[in-house]
Amino acid sequence: MPRVVLVEDDPSVRDGVEMGLRRRGHEVLATATGEDGLAALDAFRPDLLLLDLMLPLMDGVEVCRRVRADSQLPIIMLTARGDDMDIVVGLEAGADDYVVKPARTEVIEARIRAVLRRIEAPAGVRPAVEHHGDLDIDRAGHTVLKSAEPVALAPSELKLLLFLSAAPGKVFSRQRLLEEVWDHSYHSDVRLVDACVRRLRIKIEDRSEDPRYIQTLRGFGYRFGPL
Amino acid sequence: MKIPGASAAFGVRTRLVLAFLLVAAVSAVTTAALTYREARSAVLERAQDTAVASFREEVERFVPGLPLDLEAVRWELYDIAARSKPHPWIVFAEYGSTRVSSGDRPVSGVLTEDLRRAARTAPHGSFQRVVKDGKAYLTIGMPVMTRVVAGGGAVPSGLILFAVMPMTNEETDIDALVTAARDGALPGLAVALVPALFAARSVLRPVRELRRAADSMGGGRLDARIAVRGRDEMADLARTFNSSAARLEHSVQELRDAGARARRFASDVSHELRTPLAGMLAVTDVLDEEAATLDPDTARAVRLISAETGKLAVLVEDLMEMSRFDARAAELTTDEVDAAEAVRRSLSGRKWQDRVRAELPEGIRIRLDPRRFDVIVANLVGNALHHGAEPVTVRLSSRAGSLITEVRDSGPGIAPDALPHVFDRFYKADAARSRSSGSGLGLAITQENVRLHGGTIRAQNAPGGGALFTVELPFDGPASGHGAPDGPATAHGEGPGTGPHTSTEAGA
Amino acid sequence: MVAAGRPPVGDLLPPRDSRVLLFFLSPDDELLPVPRIVDVPWQGDSGSPSPDGEEASEVLSPLTAVTALLDGPNKAERKAGLRNAPSLPREASAADRVVTGASTVEVRLDLRVRRLSAPARDQLVCTAAFAAHTQGALPVVLIGQDGRLAPAHCSLRPVPAPAR
Numbered sequence: 001m002p003r004v005v006l007v008e009d010d011p012s013v014r015d016g017v018e019m020g021l022r023r024r025g026h027e028v029l030a031t032a033t034g035e036d037g038l039a040a041l042d043a044f045r046p047d048l049l050l051l052d053l054m055l056p057l058m059d060g061v062e063v064c065r066r067v068r069a070d071s072q073l074p075i076i077m078l079t080a081r082g083d084d085m086d087i088v089v090g091l092e093a094g095a096d097d098y099v100v101k102p103a104r105t106e107v108i109e110a111r112i113r114a115v116l117r118r119i120e121a122p123a124g125v126r127p128a129v130e131h132h133g134d135l136d137i138d139r140a141g142h143t144v145l146k147s148a149e150p151v152a153l154a155p156s157e158l159k160l161l162l163f164l165s166a167a168p169g170k171v172f173s174r175q176r177l178l179e180e181v182w183d184h185s186y187h188s189d190v191r192l193v194d195a196c197v198r199r200l201r202i203k204i205e206d207r208s209e210d211p212r213y214i215q216t217l218r219g220f221g222y223r224f225g226p227l
Numbered sequence: 228m229k230i231p232g233a234s235a236a237f238g239v240r241t242r243l244v245l246a247f248l249l250v251a252a253v254s255a256v257t258t259a260a261l262t263y264r265e266a267r268s269a270v271l272e273r274a275q276d277t278a279v280a281s282f283r284e285e286v287e288r289f290v291p292g293l294p295l296d297l298e299a300v301r302w303e304l305y306d307i308a309a310r311s312k313p314h315p316w317i318v319f320a321e322y323g324s325t326r327v328s329s330g331d332r333p334v335s336g337v338l339t340e341d342l343r344r345a346a347r348t349a350p351h352g353s354f355q356r357v358v359k360d361g362k363a364y365l366t367i368g369m370p371v372m373t374r375v376v377a378g379g380g381a382v383p384s385g386l387i388l389f390a391v392m393p394m395t396n397e398e399t400d401i402d403a404l405v406t407a408a409r410d411g412a413l414p415g416l417a418v419a420l421v422p423a424l425f426a427a428r429s430v431l432r433p434v435r436e437l438r439r440a441a442d443s444m445g446g447g448r449l450d451a452r453i454a455v456r457g458r459d460e461m462a463d464l465a466r467t468f469n470s471s472a473a474r475l476e477h478s479v480q481e482l483r484d485a486g487a488r489a490r491r492f493a494s495d496v497s498h499e500l501r502t503p504l505a506g507m508l509a510v511t512d513v514l515d516e517e518a519a520t521l522d523p524d525t526a527r528a529v530r531l532i533s534a535e536t537g538k539l540a541v542l543v544e545d546l547m548e549m550s551r552f553d554a555r556a557a558e559l560t561t562d563e564v565d566a567a568e569a570v571r572r573s574l575s576g577r578k579w580q581d582r583v584r585a586e587l588p589e590g591i592r593i594r595l596d597p598r599r600f601d602v603i604v605a606n607l608v609g610n611a612l613h614h615g616a617e618p619v620t621v622r623l624s625s626r627a628g629s630l631i632t633e634v635r636d637s638g639p640g641i642a643p644d645a646l647p648h649v650f651d652r653f654y655k656a657d658a659a660r661s662r663s664s665g666s667g668l669g670l671a672i673t674q675e676n677v678r679l680h681g682g683t684i685r686a687q688n689a690p691g692g693g694a695l696f697t698v699e700l701p702f703d704g705p706a707s708g709h710g711a712p713d714g715p716a717t718a719h720g721e722g723p724g725t726g727p728h729t730s731t732e733a734g735a
Numbered sequence: 736m737v738a739a740g741r742p743p744v745g746d747l748l749p750p751r752d753s754r755v756l757l758f759f760l761s762p763d764d765e766l767l768p769v770p771r772i773v774d775v776p777w778q779g780d781s782g783s784p785s786p787d788g789e790e791a792s793e794v795l796s797p798l799t800a801v802t803a804l805l806d807g808p809n810k811a812e813r814k815a816g817l818r819n820a821p822s823l824p825r826e827a828s829a830a831d832r833v834v835t836g837a838s839t840v841e842v843r844l845d846l847r848v849r850r851l852s853a854p855a856r857d858q859l860v861c862t863a864a865f866a867a868h869t870q871g872a873l874p875v876v877l878i879g880q881d882g883r884l885a886p887a888h889c890s891l892r893p894v895p896a897p898a899r
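Going down the list, the sequences are from chains W, L and A. No gaps in the numbering here: position 94 of the first sequence is 94 in my numbering, and each next residue is one more. Residues are numbered in my numbering as their position in the second sequence, beginning at 1, plus a constant of 227. Residues are numbered in my numbering as their position in the third sequence, beginning at 1, plus a constant of 735.
It is possible that part of the hints are untrue.
[Said to hold, decoys possible] Have a look at the derived ranges for each label pair, beta carbon to beta carbon:
| hint | chain 1 | residue 1 | chain 2 | residue 2 | range |
| --- | --- | --- | --- | --- | --- |
| 1 | W | Glu27 | L | His648 | 48 to 54 Å |
| 2 | W | Pro11 | L | Ala689 | 49 to 55 Å |
| 3 | L | His613 | W | Leu227 | 37 to 43 Å |
| 4 | L | Arg273 | A | Ser838 | 34 to 40 Å |
| 5 | L | Ala616 | W | Glu27 | 48 to 54 Å |
| 6 | L | Asp644 | W | Asp36 | 58 to 64 Å |
[Stated by the list, open to error] One side of the interface only, derived from the structure: several residues of chain L facing chain W at Cβ under 7 Å:
| hint | residue |
| --- | --- |
| 7 | Thr502 |
| 8 | Gly506 |
| 9 | Val513 |
| 10 | Glu563 |
| 11 | Pro597 |
| 12 | Arg598 |
Just so you know, the hints here were simulated from the structure itself, not pulled from any lab data. Glycine included, C-beta positions come from ideal geometry on N, C-alpha and C.
Kindly produce the complete structure, drawing on both the sequences and the hints.
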């Protein structure tokens, strides 16, 4: 079962979520501040970080940035609906998904599962490593090289790239991507997709404002290539 | 607020000017008439008095002696006629059956029988104005008395003298008066037009300002005021308007403040409720799982707490959503979607696809906020399933630039007195089922979401029975000014939903 | 029709010394004073002089006037439409005698006075009265073959005239 670090300043929410997850078999380390959470990462080695955005002192967005600076640890933000700007900033900072409070534990757990789920490599007809322009994508090894240099991709970024590149030239609507990559419902927040695409472009495109790999089709969605 | 042309033709300005001119005309005419009458009688009387007096005087000076010698009498008459005053007159003499005159004919056609009889019988002179053949004459009759002895009493001599004097000059004078009055009145009226226009202007300018100010207030600019000039009734009106406007502005401001405080309070309460709810909701699973192991009463209590916590969470979320609408903080995050697909996903996401008959023509694409559209469809269908009766039908169609979404149930419909209130917050058409489901905000939130898209929603009872909700959403998106038409993510121009539509065929 | 003040008053009559005043009827049946120049300075008449008739001279005796009246209007007067009342006989001789008393004038006529019409009596009364008195102020008694009438004043009374 996944090991989760929970950063939440409100004791009741912290206790409630911790209790709920632990009863479902997760190993949970709950901290009240971002600083404590960051400090716990090295020792606890979690599979996932559950991060409240509204924190005293160091806020969730800042915590998110520091984690992303040297780690691709999956991050799920805990937020309240309506804190829209915070959600966008958190997604830009590298969060993979978010959960709106208040939420039942089963909802939180479903998000955790979705983020941790790996995109399965297609059955072995394809070569282990695909070459798309300067990109080398190793589906089995879950690594991406750009110009032979490894690219550090967050879980959501990697999954999006693997999904799109599996069918180059095919257009996927944002709703479809929400369902396929994030396990969200059709009507969920497409900003997840947009923010993830932006982050991905910064990492793999030569010029993110003139993308080669992740292309936009206005009114319809995104596609990989064609190169 | 535009004045129709027809009434403008008889507007206040025209009426004021006409009234002014009427007054001026009436006074001019009255003055002229009075002047005319006075002048006329003055002119005529002066002429008459002069004529009568001088005729008497001349008669007494030149009276012929008795017995009458006709030739001698004629000369006397010539003498009298020669000294006519103020106008030439013709003298006629009657004595018995003798008739002599200073003119061509011995008898005048102008003298009336009345005057003759009066002169013959009355012991005094008489005169009469006669109009004959359109000409005015003054006729004077004088019975001549004679003294019986010098210095003694007098007896009628039987001699009667008449003078016939044309009054042409007097008529001319009077005509001249009338002409003068007319020539004076017309320029007078023209001159009266100037103060009339000025008066109308001075009266109408405040009225115009008042109208402009009232218009402004009607348009919501409650700080509209009028400049107060002078101390007349218009100034009083302006002052009254200003003070009323100030009071109104104050009252409205108070109401707005009160409303804002109430909304802020609701929002704050929701926020404060959310945190404890977040903790509670996270552990409801624990309660549900452990309930089976508890004794029945405790289990019921635990399950009740769990279930109501869930409802409370929904209620708080709806309250917060409502607060965002009230604060106009709700934003649209639009995307171009297939309408049929969106509805289908709303139904399937809630496992309703088997309970709802869907008539969803393919190929209708529309730019909207998918999450909010999902809320609209889900709330309407949920409302139909809970309060109406199955079968429930969802039908999509496009008409006149709008996407029409109709949700119809087969229940008894909505009570007529409840119909105007179905979109009110917390309105419960039926108290008995008030706790059956939902927060009581579902339809209100639906309505707000429709408005946010620039669309309309209406509720009615379908001809065949059952409630029918109809949502119209414009294809070309909401009018600007209410929320952001595009979400923050797409506002950067990188999202697929932004900008002109492409004709590229989707491969998905 | 408006009244226009006093009538003009003139001296239309010759001096009393040389005329008598006769009263004829106008075509309108009005009694008009008509002067008749008397050119008989002395008429030997039997009429007794009035003891106090300071204005009644013998020449202009009332009898002369009554006689002239009964003689009717002359040509000029007739031309002017003047006439005697029809019941008055055109007989100058009918005038018998006029006695001027202190308070009355008696006119004796050789005719039937009761058969005279009112205008005819007026003519006689006025003519006699003005002959006997300058202002005609004496009552006159007409005496005829059939008796005497009640004393009567002339209906034409002089009114005060304004001084010139």
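Against the structure, the hints come out as follows:
Checked against the hint of 48 to 54 Å, the pair glutamate 27 of chain W and histidine 648 of chain L passes, with Cβ atoms roughly 53 Å apart. With their beta carbons about 53 Å apart, proline 11 of chain W and alanine 689 of chain L fall inside the hinted range of 49 to 55 Å. Look at histidine 613 of chain L against leucine 227 of chain W: about 53 Å separates their beta carbons, and that is not inside 37 to 43 Å. For the hinted restraint 34 to 40 Å between arginine 273 of chain L and serine 838 of chain A, the CB-CB distance of approximately 52 Å leaves it violated.
A beta carbon spacing of about 50 Å between alanine 616 of chain L and glutamate 27 of chain W agrees with the range 48 to 54 Å that was offered as a hint. The hint said 58 to 64 Å for the Cβ distance between aspartate 644 of chain L and aspartate 36 of chain W, and at roughly 59 Å that hint holds. The restraint placing threonine 502 of chain L at the interface with chain W holds, with a minimum CB-CB distance near 5 Å, inside the 7 Å limit. The beta carbon of glycine 506 of chain L comes within 3 Å of a beta carbon in chain W, closer than 7 Å, and the hint placing it at the interface holds.
With a least beta-carbon distance of about 6 Å to chain W, the hint placing valine 513 of chain L at the interface is held under the 7 Å criterion. Interface restraint check for glutamate 563 of chain L: the shortest CB-CB distance to chain W comes to about 4 Å, inside 7 Å, so the restraint holds. Against a cut-off of 7 Å between C-beta atoms, the interface hint on proline 597 of chain L holds, since the closest Cβ of chain W lies about 5 Å away. The interface hint given for arginine 598 of chain L holds, since its Cβ lies 5 Å from the closest Cβ of chain W, which is under the 7 Å cut-off.
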